[in-house]
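Protein chains in written order, with full-length UniProt numbering: chain A, 1 to 179; chain B, 1 to 179.
Any given hint could be a false lead.
[As the list claims (entries may be wrong)] Derived pair list, reagent style EDC-like, types lysine to aspartate or glutamate, alpha-carbon separation capped at 16 Å:
1) B:K176 to B:E153
2) B:K36 to A:D141
3) A:K131 to A:D103
4) B:K3 to A:D141
5) B:K18 to A:D25
6) A:K18 to B:D26
7) A:K36 to A:E83
8) A:K78 to A:E94
9) B:K18 to B:E161
10) B:K36 to A:E5
11) B:K127 to B:E153
12) A:K3 to B:D141
13) A:K3 to B:E161
14) A:K3 to B:E94
Calculated directly from the structure, the hints in this document are not laboratory data.
Protein chains: 2
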Amino acid sequence: MNKFEERTIQSTPIFNGKVISLKVDDVTLPNGATSKREIINHPGAVAVIAITEDNKLLLVEQYRKALERSIIEIPAGKLEKGEMPIMTARRELEEETGYTTDDLTFVQAFATSPGFADEIIHIYVAKNLTKLEVAAELDEDEFVELMEVTVQEAEAMVADERIYDAKTAFAILWMKLQQ
Amino acid sequence: MNKFEERTIQSTPIFNGKVISLKVDDVTLPNGATSKREIINHPGAVAVIAITEDNKLLLVEQYRKALERSIIEIPAGKLEKGEMPIMTARRELEEETGYTTDDLTFVQAFATSPGFADEIIHIYVAKNLTKLEVAAELDEDEFVELMEVTVQEAEAMVADERIYDAKTAFAILWMKLQQ
Numbered sequence: 001m002n003k004f005e006e007r008t009i010q011s012t013p014i015f016n017g018k019v020i021s022l023k024v025d026d027v028t029l030p031n032g033a034t035s036k037r038e039i040i041n042h043p044g045a046v047a048v049i050a051i052t053e054d055n056k057l058l059l060v061e062q063y064r065k066a067l068e069r070s071i072i073e074i075p076a077g078k079l080e081k082g083e084m085p086i087m088t089a090r091r092e093l094e095e096e097t098g099y100t101t102d103d104l105t106f107v108q109a110f111a112t113s114p115g116f117a118d119e120i121i122h123i124y125v126a127k128n129l130t131k132l133e134v135a136a137e138l139d140e141d142e143f144v145e146l147m148e149v150t151v152q153e154a155e156a157m158v159a160d161e162r163i164y165d166a167k168t169a170f171a172i173l174w175m176k177l178q179q
Numbered sequence: 001m002n003k004f005e006e007r008t009i010q011s012t013p014i015f016n017g018k019v020i021s022l023k024v025d026d027v028t029l030p031n032g033a034t035s036k037r038e039i040i041n042h043p044g045a046v047a048v049i050a051i052t053e054d055n056k057l058l059l060v061e062q063y064r065k066a067l068e069r070s071i072i073e074i075p076a077g078k079l080e081k082g083e084m085p086i087m088t089a090r091r092e093l094e095e096e097t098g099y100t101t102d103d104l105t106f107v108q109a110f111a112t113s114p115g116f117a118d119e120i121i122h123i124y125v126a127k128n129l130t131k132l133e134v135a136a137e138l139d140e141d142e143f144v145e146l147m148e149v150t151v152q153e154a155e156a157m158v159a160d161e162r163i164y165d166a167k168t169a170f171a172i173l174w175m176k177l178q179q
């Protein structure tokens, strides 16, 4: 796991925000030369492949400022400090879709952008969904619109780039493989 | 595409590095309240699902400083300024694997971390690979080890988290769907 390890000579903190922080590390490369690595630290996230009784996928549309457009994604959110990923999965499902479940199964975890960020996203599948009687509240800066689509409808959204993010692209292939 | 648009009140540049830059935008939310968005700008990237004659997948192991470990990924790299993604795909394939091809087909593009970054990764599939007689040179701060694996071997690497990034997770599901 440490092949070609780059040892840190010095780490310079640049920014410490509410979501991400940035540092620049001076490193020694495997050949003894030195280089700089720009690194984003992120608390990590979860995303939920939430499948309804009639085998539809729950998706949420939301505005992504980084892209300056809205896209359609599987429900997801950041890990709170000390929160187990499976609890985050249930919380985000409740907040973003109004559904809940006890039937959450871990699928896979992966780094989203290992070239510059340590963000890990933990993917769960949620089944046996029930509608909450009282909707959970979104974060105060979050606005989403819920939709329920078939895999075929989701693939059409990939084709016209309304679906345009890695976790949702992964989720759609994963669902196709279950069929 | 502009549902729940967040309009920029003010944009504050924080950092401008060799790979990424960081800004903080003050925005107006759909309900009229204001918030801050921490945004990473990245030039974008390509990744290549490179399939050998005997249906093996080319993978490269490299150290990822952000994760402080080495992981095994499909060949990938950043877009150079003004470079068409398909040219980047071919260049990175040549540099990281020593193979080349004219048979590159676009699969899909997606944002890796739309919550905080504008990085888009363009995925290509490469077939009819031929070995370069003279190996292409890697970037001076790049060290990778090439391997050729079956889909089943790649799935084992997912299971023990040697494969641990979004684009490679996507690539393996994509290959499974071709079989």
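Hints, verified against the model:
1. B:K176 to B:E153: Within the cut-off at roughly 12 Å; holds.
2. B:K36 to A:D141: holds (9 Å)
3. A:K131 to A:D103: Cα-Cα ~14 Å, so holds.
4. B:K3 to A:D141: Holds, at roughly 14 Å.
5. B:K18 to A:D25: holds (13 Å)
6. A:K18 to B:D26: holds (13 Å)
7. A:K36 to A:E83: violated (32 Å)
8. A:K78 to A:E94: holds (14 Å)
9. B:K18 to B:E161: Violated. B:K18 to B:E161 sits at ~29 Å, over the 16 Å cutoff.
10. B:K36 to A:E5: Violated - the C-alpha atoms of A:E5 and B:K36 are around 36 Å apart, more than 16 Å.
11. B:K127 to B:E153: Given pair B:K127, B:E153 is violated - Cα atoms ~19 Å apart, limit 16 Å.
12. A:K3 to B:D141: Holds, at about 14 Å.
13. A:K3 to B:E161: The given pair, whose Cα atoms are some 15 Å apart, holds under the 16 Å limit.
14. A:K3 to B:E94: violated (21 Å)
Hint compliance for this structure: hints 7, 9, 10, 11, 14 are broken, all remaining hints hold.
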